[in-house]
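2 protein chains.
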Amino acid sequence: MPPANPAVDTADVYALLERGRSMSTPVLRAAVDRLAPPMDTVAAYHFGWIDAEGRPADGDGGKAVRPALALLSAEAAGADPRTGIPGAVAVELVHNFSLLHDDLMDGDEQRRHRDTVWKVHGPAQAILVGDALFALANEVLLELGTVEAGRATRRLTAASRKLIDGQAQDISYEHRERVTVAECLEMEGNKTGALLACAASIGAVLGGADDRTADTLEAYGHHLGLAFQAVDDLLGIWGDPDATGKQTWSDLRQRKKSLPVVAALAAGGPASERLGELLAADAKSNDFERFSEKEFATRAALIEEAGGREWTSQEARRQHTVAIDALDGVDMPEQVRAQLTALADFVVVRKR
Amino acid sequence: MPPANPAVDTADVYALLERGRSMSTPVLRAAVDRLAPPMDTVAAYHFGWIDAEGRPADGDGGKAVRPALALLSAEAAGADPRTGIPGAVAVELVHNFSLLHDDLMDGDEQRRHRDTVWKVHGPAQAILVGDALFALANEVLLELGTVEAGRATRRLTAASRKLIDGQAQDISYEHRERVTVAECLEMEGNKTGALLACAASIGAVLGGADDRTADTLEAYGHHLGLAFQAVDDLLGIWGDPDATGKQTWSDLRQRKKSLPVVAALAAGGPASERLGELLAADAKSNDFERFSEKEFATRAALIEEAGGREWTSQEARRQHTVAIDALDGVDMPEQVRAQLTALADFVVVRKR
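Listed in order, the protein sequences are those of chains A and B. Per our numbering, residue 806 is the first one in the first sequence, and the count goes up by one each step. Per our numbering, residue 806 is the first one in the second sequence, and the count goes up by one each step.
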C-alpha cells in the first residue's frame, strides 16, 4: 500500500465524504420529493430517510463516495464544488436505480442493514421506483439547460448503459461453471468502474472542462472503481457482517463468481482443484440452501489457500496505483489532487 | 365522429404508419444491436424480430403510431421527415421499455399474440432489457450532439417520468375499491398521453421548432393519446381477441379500473349499483381466478347498461376533437395538417 498522502489523513477523507453527502442530500431529497405517491415514500425508505412504517429515520445512506467524487471533480476543473452538485445527485440517482433493480433480480433481502425495497414494498414498487430514479437522474441534469449539462447527461447515459451491461454479465456468470479473471474484471469495470468514472468526471464536465480532462478524470474513477470492487469482493467473503450489513459469506451464499473465486479457480494446484470440484457440485446440489456456516467456511479457506484472497488484495493495490497515476494527466490544484489521492487510499483500506 | 379529411383516406394512414415503421426500424435495430448479449436477443424477441428459439421472425411490432407521429412532427416544423427519425426511435425505445416492465409488474403473459419477455426469458431479463432500452433512448438522441437533441431529450425525460407516474397510479388503482373518472383520466394522460405528446412534438424539436410550436404539437399528441386510450379501454373489454391479440374481457380479468368501468360506477342507477356490488365482491373473492366467460360477460353487460361503454366512446370523440382543434395553433403545410388529422381519425376507429 502506498503511504497515504501526508497532507490528507483519514479524518479528512471522512470530512470529504460528509461534505459530499451534506451538500448533495438536500438536492437529492428535493428531487425524490417530486415523485408521485407512493413512489416518493418507497424511495425515501430506500435512501434510509424513513423506516418501513413511514417514520422519519436516520438510516445508513451508504458511503457516499460518488457525491464526494463529483464535488472534487468540479474543483479539479477549477470550478466551485457546488457546480458538481447536480452531477453528484444524478450519479446517486443512477446508482440507487441500479441497487433497487439489482436487489430484486438477485433476490437480495438486505441492504445497508435493512430489508430491501422489493422485500418491504413488493417487486412492482422496486421496478417502478428504480425506473423513476433513473428518469429523475437525467431530469436533474437536463433542467440545468446548459451545453455542459447535455455533455454530462451523455456521459451519464453511457455509464448507465455499462452499468446495465455489467449486471447482465453478472447474472449470466452465475449460471456458468467457469468465468475467466478477464471476464470478471470486464464485468466489474462495467458494474462498478463506469459509474465511479462518471462521478469523477461529471463535476469537471459541469464546470466546463474539456473532453481530455474529463476523460483523464474518468480513467482515475474507472480504476478507483476496480480497486473499490476488488475490496468489495474481499468484504463479500471475509467482511465483518456488523460492518458490511450483509450476511456472513454473503457472496458465497449467492454463488457469486467474484474476483477471489475466479482467481482461485484459475490458480491451479490442489486447493484450486478441490474448490472447483466443490463449486461444481454446489451448482447441482439441492442442499445448497441448507448449507451451514461450516460449509461456507471450507470454501472460503480453499479460496484463500489457492491464493484468491491475496491476488484480489494485490489487484486492489494495482488498480489504486493506476488510478492515482492517471491524475498526473490533469493540471489541478494540489489540494484537490491530494484529496483525490486520499479518497483512493480510503477505498482500498475500508472495512465496509 | 367528424368526417375524415377528404384528402387523406384510411389507405393513406396505413401508408403513413408504414413509412414511420420502415424509416425508423433500421435505426431502431442498429441501436438494439448495440446491447450486450443476451440483452440484444431478448430485445429482438420483444420487438418480434426473432422467435423464442432465436429464429428470424416477422412478428407484429405494434401499430407504430408513435414513429409515424414523430416523422410528421418534423414535417410540421418544415423539416425533412428524416429529421424526426432519432426522435421516433427514442420514443419507441421508451415505449418498449415501459411495455417490458409493465408486463412484468402486471403479470401479463401475452403481448402482440406472443408470450411476453418475462414469461419466455424470465423476470430478470425483462427488468434488465427494459432498463437498457430506456438508457438507449437517451443515447440515441444525445449522440446527435446538438442543442435540439438536448431539448428533445429533456422533453422525452419529462414524458418518461409521467409514463412511470401513470403506471404507479394504474397499479395503486387496482387495489382500490373506487377510482373517480378524473383520477382515471389523469392516469391515462400520464400513461398514454405523455408519450404520444412527446412523439407528436419531438420531430419538430429536432427540426428546430420553437417551444410554442412544440407545446402546441404536444397538446395535439396528449389529446390524441387520451382518445387512443379511451379506444384501448373499449377494446380491452369488447375487443375481438383475434384482432387485439389479448384474451377476451382482458381488462376485466385484470380488474382494471379502466374508463368504461369507472364511468359506469360513477353513473348511478340500478346497473351501476349492481356492478359496484359485484366488483366489490370480486375484489374479496377467492374464485375470481376460476371465473368463466359468463361471469365476465355479465359484468361487461352491466358496464354497458350503466352507460360506461357509450360514455367512453363519446370521450374518445371529445378528445379527438380537442386534438384536431389544437393543430390550429401551429402554422404548418396543409398536407401535414391533413395527415395528422387522418391519423387522429384512424386512432378512434381502429379495431386493434
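One or more of the hints may lead you astray.
Since copy identity is lost for identical chains, a pair holds within one copy or between any two.
[What the hints assert, rightly or not] Below, in silico cross-link-like pairs of lysine-lysine (DSS-like), each with a Cα-Cα straight-line distance of 30 Å or less:
1) LYS1061 / LYS1099
2) LYS1156 / LYS1089
3) LYS868 / LYS1089
4) LYS924 / LYS1089
5) LYS1061 / LYS1089
6) LYS1099 / LYS924
I should point out that these hints are in silico values taken from the structure, not numbers from a laboratory.
Hint-by-hint comparison with the structure:
1. In this assembly of identical chains, the alpha carbons of LYS1061 and LYS1099 lie at most 30 Å apart only when taken from the same copy (18 Å versus 50 Å across copies).
2. In this assembly of identical chains, LYS1156 and LYS1089 lie within 30 Å of each other by CA distance neither inside one copy nor across copies; the values are 33 Å within and 50 Å between.
3. When the C-alpha separation of LYS868 and LYS1089 is checked against a cutoff of 30 Å, the pair qualifies neither within a copy, at 37 Å, nor between copies, at 45 Å.
4. Proximity of LYS924 to LYS1089 under the C-alpha cut-off of 30 Å is found in both arrangements, the shortest distances being 27 Å within a copy and 24 Å between copies.
5. For a Cα distance limit of 30 Å, the shortest separation of LYS1061 from LYS1089 inside one copy, 15 Å, qualifies, whereas the shortest one across copies, 42 Å, does not.
6. Taking the closest pair of Cα atoms, LYS1099 and LYS924 come within 30 Å of each other only inside a single copy of the chain (28 Å); across copies the shortest separation is 38 Å, beyond that limit.
Comparing the model with each numbered hint stated earlier shows that hints 2 and 3 do not hold.
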